[in-house]
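Following the hints, put chain B in place on chain A, whose structure we already have.
Those sequence lines, one after another, are chains A and B.
Just so we're aligned: 319 in the numbering used here is position 21 of the first sequence, and the numbers increase by one with no gaps anywhere.
Just so we're aligned: 100 in the numbering used here is position 96 of the second sequence, and the numbers increase by one with no gaps anywhere.
Calculated from the structure, these hints are not laboratory results.
Ideal Cβ positions, reconstructed from N, Cα and C, are used throughout, including at glycine.
Treat the hints with care, as some may be off.
Cross-link-like lysine-lysine pairs, in silico, DSSO-like; alpha carbons within 27 Å at most [claimed, not checked]: (1) B:Lys21 x A:Lys413; (2) A:Lys441 x A:Lys382; (3) A:Lys379 x B:Lys200; (4) B:Lys197 x A:Lys362; (5) A:Lys462 x B:Lys21; (6) B:Lys24 x B:Lys128; (7) A:Lys330 x B:Lys24; (8) B:Lys21 x A:Lys355; (9) A:Lys318 x B:Lys21; (10) B:Lys20 x A:Lys413.
Which bits of chain B does chain A cover? Going by a derived footprint, with three or more residues having C-beta under 8 Å, they are [stated by the list, open to error]: (11) 6–12; (12) 16–27.
Quick list of simulated restraints, FRET-style, between CB atoms [unchecked claim]: (13) A:Lys441 x B:Lys25: 29 to 35 Å; (14) B:Glu29 x A:Gln459: 27 to 33 Å; (15) B:Glu9 x A:Glu442: 53 to 59 Å; (16) B:Ala64 x A:Thr314: 39 to 45 Å; (17) A:Asn448 x B:Ser60: 51 to 57 Å; (18) A:Asn408 x B:Lys51: 44 to 50 Å.
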Amino acid sequence: MFLVNILNPQQEDKFTSLYKKNFKLLYSIAKKHLSSKEDIEDCIQETFAYVVNNFHKIEHSSAKESRNYLATLVNGFAINKYKKESKYSAVSDIEVEHISQTTSTSFLLNNYSEKEISHVIDMLNETDKTYFYLTYIYGYSSKEIASMFNVKDSYVRKRLQLSKQFLRKELSA
Amino acid sequence: MTEEELLKNACLLSQKKWIKKIKREKYSALLNKNTSIEPVFIISNKKALRIFLTLSILIATLAMSLTAIGMFNFDIIHFSTQKEKTVFSQNADYKPVTDIELNYIPTGFSLCEKIENDDCYFYKYENNKNFFNVKKITQSSELSEDTENYSLIEQKEGKYFLYHKNELYLIIHLKNNYLYTVRGDISLEQLKKIEKNLK
Chain A
299 MFLVNILNPQ QEDKFTSLYK KNFKLLYSIA KKHLSSKEDI EDCIQETFAY VVNNFHKIEH
359 SSAKESRNYL ATLVNGFAIN KYKKESKYSA VSDIEVEHIS QTTSTSFLLN NYSEKEISHV
419 IDMLNETDKT YFYLTYIYGY SSKEIASMFN VKDSYVRKRL QLSKQFLRKE LSA
Chain B
5 MTEEELLKNA CLLSQKKWIK KIKREKYSAL LNKNTSIEPV FIISNKKALR IFLTLSILIA
65 TLAMSLTAIG MFNFDIIHFS TQKEKTVFSQ NADYKPVTDI ELNYIPTGFS LCEKIENDDC
125 YFYKYENNKN FFNVKKITQS SELSEDTENY SLIEQKEGKY FLYHKNELYL IIHLKNNYLY
185 TVRGDISLEQ LKKIEKNLK
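If we strip away everything but chain A, and leave its shape as in the complex, we get:
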C-alpha cells in the first residue's frame, strides 16, 4: 500500500475504500484466468498500481463506474499474465485479412440497436471484450492499452479490428 503515498489524503481515502470494496470481485475475475494465488495477487497489485498512476480517470466517477473500470482492468491484466505464461501467439495478419474479405464494406452499425450490438459484444472473448470496453467506454487509445498490458500496439489494433468485423458479421447474419 506504499502506492497510496503518491495520492493526496482525499484520494487516499477513496483509493482505500475502492480497494476494500472491490478486492473480492477483482480476485474472482483474476482467478478465472490464473490459478496460483501469487499470480492473482500480483495481478491485483498491478491493477491498483495502474489505478494510482491514472487516478484522475476515476476520481470523479461513481462507485459503480469505478468498479466496472477496475473489473475491466484486472480482466485485461489477468489475461495478459496468462498469455505471458502460456506464450500465447499473437493474432496473425492472415486472420484479419480473411475476416475483412468475408464482410461487407458497406455495412453500417447504426442500423442496429444498442441492445443488439451489446448482445454480440457479450459473445466476444475476454481479451477482445476488455480492449473494446477500454476503447469505447473509457476512451483509451490502442497505444495506451498496449502499454498497459505490455503488448504491441499493432496487436491491440488488430484485435479491435477483428472484434468489429465479428460484430458486423454476426449482426448481418
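Frame of chain A, contents of chain B only:
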C-alpha cells in the same frame, strides 16, 4: 448517434451484464479455497433462516426434555466421594416424612436423642457401651453422610450401601421412596436386622 457513441452505449450495456454475471456466480465461493480472507456465512434466504431457527429451538427443547427425563430416572447414587463425606442424591417429588417405625431394637438400648420434622426423622439409641442411630429422610433431599476412612463393603443396584470403619457400620438404603440410614458400633447382624425392620 455516431457509430462511436453507439458502440460506447452497447459496451456499457455489455459491461453491466458481465459484472452482473460475475456477481451471480457468488464470487466469494471462488475465494474460499485460495485466499486468506475469512469466508462470511450469510443466510440470505429468509425461508432458510426461518427453518434454521425453528430447528435450533426444537433441538434445544428436545435436549432439555431428554435431560429432565433422564434426571427423574436416576437411581440413588453417590455422585461425589469426598474425603469427609459422601453425598447421595435422588431426584423425586417431595414427600414429607411423617413417622419412623423401628420394629426391632436390640435389648438394653434406650432412646437418647430424637429429631422429628417433615424432612427427617432421627432417633439415637444407646446402652452403656454402644450406640446406634436411625435416620429416615425424604427422597427429594440430598443425604450427606460422614464416610471418611470408611470402606464400602457392599452395594446393591445403587440402592443399598454398606460401609465399615473400625467398629462402626453404616447402612444407607433407598426403600419405600425414602432414604434410610442406620449407623452404629453394634454387630453387623444386629444393624442389618434393625435396617430390615425399619419402616
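These are the hints, each one checked on the structure:
1. As the CA atoms of B:Lys21 and A:Lys413 are separated by approximately 11 Å, the hinted pair is consistent with the 27 Å bound.
2. Among the hinted pairs, A:Lys441 with A:Lys382 is consistent with the structure: their alpha-carbon atoms are about 19 Å apart, no more than 27 Å.
3. Of the pairs offered as hints, the one joining A:Lys379 and B:Lys200 is violated, with about 93 Å between alpha carbons and a cut-off of 27 Å exceeded.
4. Between B:Lys197 and A:Lys362, the direct Cα distance comes to roughly 93 Å. Violation of the 27 Å bound is thereby established for this hinted pair.
5. Under the criterion of a C-alpha separation no larger than 27 Å, the hint pairing A:Lys462 with B:Lys21 is consistent with the structure, at around 20 Å.
6. Distance restraint check for B:Lys24 and B:Lys128: the Cα-Cα separation of roughly 88 Å exceeds the 27 Å cut-off, and the hinted pair is therefore not satisfied.
7. A hinted pair counts as satisfied when its Cα atoms are at most 27 Å apart, and A:Lys330 with B:Lys24 qualifies at roughly 15 Å.
8. At roughly 22 Å between alpha-carbon atoms, B:Lys21 and A:Lys355 fall within 27 Å of each other, so this suggested pair holds.
9. About 23 Å separates the Cα atoms of A:Lys318 and B:Lys21, which keeps this hinted pair within 27 Å; it holds.
10. With a CA separation close to 12 Å, the supplied pair B:Lys20 and A:Lys413 stays within the 27 Å bound.
11. A count of 5 residues in the region 6–12 of chain B with a Cβ less than 8 Å from any Cβ of chain A is obtained; the coverage claim is therefore met, three being the minimum.
12. As drawn, the region 16–27 of chain B meets chain A at 10 residues by the rule of a beta-carbon pair under 8 Å; at three or more, the given contact holds.
13. In this structure the hint that A:Lys441 and B:Lys25 lie 29 to 35 Å apart at CB holds, the actual value being about 30 Å.
14. Between B:Glu29 and A:Gln459 the Cβ separation comes to about 31 Å, which falls inside the hinted range of 27 to 33 Å.
15. Restraint check, B:Glu9 to A:Glu442: a C-beta distance of roughly 20 Å breaks the suggested window 53 to 59 Å.
16. A beta carbon spacing of about 43 Å between B:Ala64 and A:Thr314 agrees with the range 39 to 45 Å that was offered as a hint.
17. Checked against the hint of 51 to 57 Å, the C-beta distance between A:Asn448 and B:Ser60 comes to roughly 54 Å, which is consistent with it.
18. A:Asn408 and B:Lys51 have their C-beta atoms about 49 Å apart, which keeps the hinted 44 to 50 Å range intact.
Comparing the model with each numbered hint stated earlier shows that hints 3, 4, 6, 15 do not hold.
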